[in-house]
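For the record, the sequence lines run as chains A and B. Quick note: the first sequence uses the numbering used here, first residue 159, plus one each step. Quick note: the second sequence uses the numbering used here, first residue 58, plus one each step.
Don't read these hints as lab results, they were simulated from the structure. Worth double-checking, as some hints may not be accurate.
[Said to hold, decoys possible] Only pairs whose alpha carbons sit at most 30 Å apart, straight line, appear in this in silico BS3-like list of lysine-lysine: (1) Lys395(A) / Lys380(A); (2) Lys573(A) / Lys163(B); (3) Lys573(A) / Lys120(B); (4) Lys215(B) / Lys573(A); (5) Lys138(B) / Lys649(A); (6) Lys138(B) / Lys246(A); (7) Lys573(A) / Lys138(B); (8) Lys120(B) / Lys649(A); (9) Lys635(A) / Lys120(B); (10) Lys222(B) / Lys573(A).
[Stated by the list, open to error] Here are the in silico distance ranges between beta carbons for each label pair: (11) Asp183(B) / Asp541(A): 55 to 65 Å; (12) Ser438(A) / Asp183(B): 51 to 61 Å; (13) Leu94(B) / Phe270(A): 20 to 30 Å; (14) Phe270(A) / Val93(B): 26 to 36 Å; (15) Ile601(A) / Gln182(B): 25 to 35 Å.
Heads up, the beta-carbon is just placed ideally off N, CA and C, and yes, glycines get one too.
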Amino acid sequence: MPDTKSSAKTEKKPASRWLDWLDSRTSIRLLLHEALDERIPGGARWAYVFGSGLLYLFLSQAVTGVFLALYYVPSSDHAHVTVSYISKVVSSGLFLRSLHAYGATAIIIVLFLHISQTLLYGSYKGRRELLWLSGCFLLALMLGMAFTGYLLPWDQKAYFASAVGTNIIGEVPVIGEPLQELLRGGPQMGTLTLSRFFVFHVFVLPGLLMAFVAAHLFLFRKAGAAGPFKEDPFHPKLPTQKFYPRQLLMDMVASLVIVLALALVAYFVPFRLGPEANTSDTTYIPRPEWYYLPIFQWLKIVSGKWSLVGGILLPGFLALLFASIPFFDRGRERRPWRRPVVVGGFAIFVACYSGLGALSYHDDAHDPNVARQLARQRQAEIDYMRQPFRPLSAPSSAPGPASAAPANVDPLIAKGAAIYAAGPCGSCHGNRAEGTSKAPSLIGVGGTYSADRLSFLLHHRTPNMIDGGMPPVNLDKSDTDALVAYLRSLK
Amino acid sequence: MQAPADPEAQMCVRERERRSFLGYLLAAGCGVVSTVLAVPLVRFATFPLRAPAEETSWSDVGKVDDFATLTEPVARTIDIKRVDGWHSSTEQNGVYVVPTGGGQLKVLSSVCPHLGCAVRWVGKQDKFRCPCHGGTFTPAGVYVSGPPLRGMDELESKVENGLLKVRFQYFRQLIAKKELAG
Chain A
159 MPDTKSSAKT EKKPASRWLD WLDSRTSIRL LLHEALDERI PGGARWAYVF
209 GSGLLYLFLS QAVTGVFLAL YYVPSSDHAH VTVSYISKVV SSGLFLRSLH
259 AYGATAIIIV LFLHISQTLL YGSYKGRREL LWLSGCFLLA LMLGMAFTGY
309 LLPWDQKAYF ASAVGTNIIG EVPVIGEPLQ ELLRGGPQMG TLTLSRFFVF
359 HVFVLPGLLM AFVAAHLFLF RKAGAAGPFK EDPFHPKLPT QKFYPRQLLM
409 DMVASLVIVL ALALVAYFVP FRLGPEANTS DTTYIPRPEW YYLPIFQWLK
459 IVSGKWSLVG GILLPGFLAL LFASIPFFDR GRERRPWRRP VVVGGFAIFV
509 ACYSGLGALS YHDDAHDPNV ARQLARQRQA EIDYMRQPFR PLSAPSSAPG
559 PASAAPANVD PLIAKGAAIY AAGPCGSCHG NRAEGTSKAP SLIGVGGTYS
609 ADRLSFLLHH RTPNMIDGGM PPVNLDKSDT DALVAYLRSL K
Chain B
58 MQAPADPEAQ MCVRERERRS FLGYLLAAGC GVVSTVLAVP LVRFATFPLR
108 APAEETSWSD VGKVDDFATL TEPVARTIDI KRVDGWHSST EQNGVYVVPT
158 GGGQLKVLSS VCPHLGCAVR WVGKQDKFRC PCHGGTFTPA GVYVSGPPLR
208 GMDELESKVE NGLLKVRFQY FRQLIAKKEL AG
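Please take these sequences and the hints and turn them into a complete structure.
This is how it looks when you write it as structure tokens:
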């Protein structure tokens with residue numbers, strides 16, 4: 159049917175024809191239109207880039223996290239050695255691990271910027287309570303990711319910081335202790351704690367994050383972009399601009415800046431792995447990551463009889479207050495200088511939080527004992543990173559006389575094993591005393607004969623033994639005792 | 058910053074061209090950045106393929122003096138250190154120390170070149186015999202009879218500080234030529 163319409167179609171570029179093909183099957187143009195032609199009142203602005211920046215960082219964490227899982231093993235026996243292997247042996251391993259570790263820090267920074275922008279612009283107003291609440295959940299989930307991910311390398315600082323962190327949970331009244339044990343998988347930190355943190359970090363929290371990111375985006379698109387703070391939150395009046403191309407371009411430039419900054423830091427100041435967690439170390443002074451430092455300092459101040467009020471109730475109250483901001487700040491007014499309670503309250507909180515962090519650094523720097531120990535810990539990390547990688551050595555798969563005696567074996571038995579291996583015994587009874595066609599197995603011989611009887615038989619062969627080719631044994635008393643001890647240990 | 062809020066239908070041709078040009082620019086930019094970012098990821102994931110082939114380590118067989126009076130092959134179990142990723146393990150395997158005259162020794166793998174069973178030394182018959190399919194070899198490991206296509210495999214050995222050391226390797230089975238496996 160060569161009508162004018164189809165002939166016009168055939169003149170189209172191949173890319174466009176391919177898009178037609180795809181569009182007729184997926185409605186991709188509609189989807190793209192939906193995604194890209196979002197109207198922004200007042201036009202594109204740099205102030206709006208942080209949300210996309212967070213989305214990019216989340217994707218980056220997901221991708222680097224999946225790749226790290228190619229080598230990581232979540233058990234207290236293997237976590238540290240596998241992270242060490244990633245850092246010291248695998249190509250680009252140190253870089254990717256640093257990207258992932260610094261990515262957590264970057265997320266905290268961009269989260270702060272995103273929240274500050276939303277608060278200052280009053281962008282939570284105008285039927286955006288659920289959008290704000292989903293953001294609060296995302297904040298909590300991200301903090302949970304930072305907390306659970308911190309333990310996974312199982313080095314000194316990871317172990318002790320998480321021990322302190324889970325101890326804080328134990329202070330919650332009534333449910334604190336069972337909650338702490340549930341989280342740790344027992345009363346003490348151990349390999350079960352690591353498994354639990356791993357499951358939270360890799361399965362539970364990312365799943366929730368994805369769900370809440372989707373909800374956050376949906377609610378954002380439903381409510382529409384809020385625009386600048388002079389805009390009416392309910393009925394935007396300013397002329398609009400489409401998301402694509404200007405805002406998308408700005409968002410991508412911002413993401414590019416984040417990538418570059420992260421990559422430069424990860425490349426030139428790689429994230430350090432410290433020595434493996436030594437749970438019996440009583441000198442180690444744990445310090446959390448810098449963004450948790452103010453909380454840590456606060457808990458130092460309110461420890462003792464104020465710990466319940468200061469450590470649990472006040473933070474809980476502040477979190478609730480924060481989440482309920484769009485429910486009590488409801489007017490049309492969005493200009494920050496006309497909303498002194500919310501903006502001022504936020505500013506005071508930020509000032510206090512930063513002040514506590516600065517105080518913590520100040521305290522550590524001015525206590526000579528602490529400063530010395532912290533310097534020592536830092537040096538231990540640097541030294542550990544300089545050491546070549548040492549693979550984890552597993553015990554021999556089939557222990558026998560020829561293998562090196564494990565450290566926990568009775569020295570007498572080990573000596574006997576050495577005598578057995580050095581003598582001709584193995585050529586007839588088998589190197590593992592398992593027996594051959596020439597002579598019977600000696601495994602279980604201790605159940606049949608007493609030590610004295612075995613010792614006697616070694617020196618006074620029965621006719622049967624002589625016929626079988628058993629040579630005379632020429633050993634002194636102590637060597638005989640050792641050999642007998644070894645034979646009796648064979649099970 | 059201010060953009061006209063004209064509807065889709067009125068979008069002039071120039072604007073449409075500008076949008077599609079920007080689209081290509083963005084796509085190209087994304088492509089370049091993702092490619093650069095993918096490099097460390099690909100290197101990371103394919104590391105095991107490029108890791109330097111690990112040197113097979115030398116294992117101790119025993120003191121060379123212990124074998125000085127040897128008149129017939131004797132079996133020894135050796136420990137073979139193997140590094141598997143971040144994990145190093147010790148495997149055990151059987152070898153035969155064989156006197157070759159003049160105080161010289163050689164070390165034979167106990168792995169049958171037929172199908173990999175452990176060959177046994179049968180002193181009474183003065184020959185090696187594979188228990189699985191009956192392949193037999195002389196005390197020096199030379200093929201005598203049965204299904205194997207070649208003699209027993211000699212392993213690289215050396216004497217260091219009075220210790221006989223051997224480098225245990227696996228060889229391909231079912232072929233007449235001795236050829237490293239893997």
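When the structure is checked against the list of hints, which entries are broken? Sort them ascending. The structure conflicts with no hint, since it agrees with every one listed earlier.
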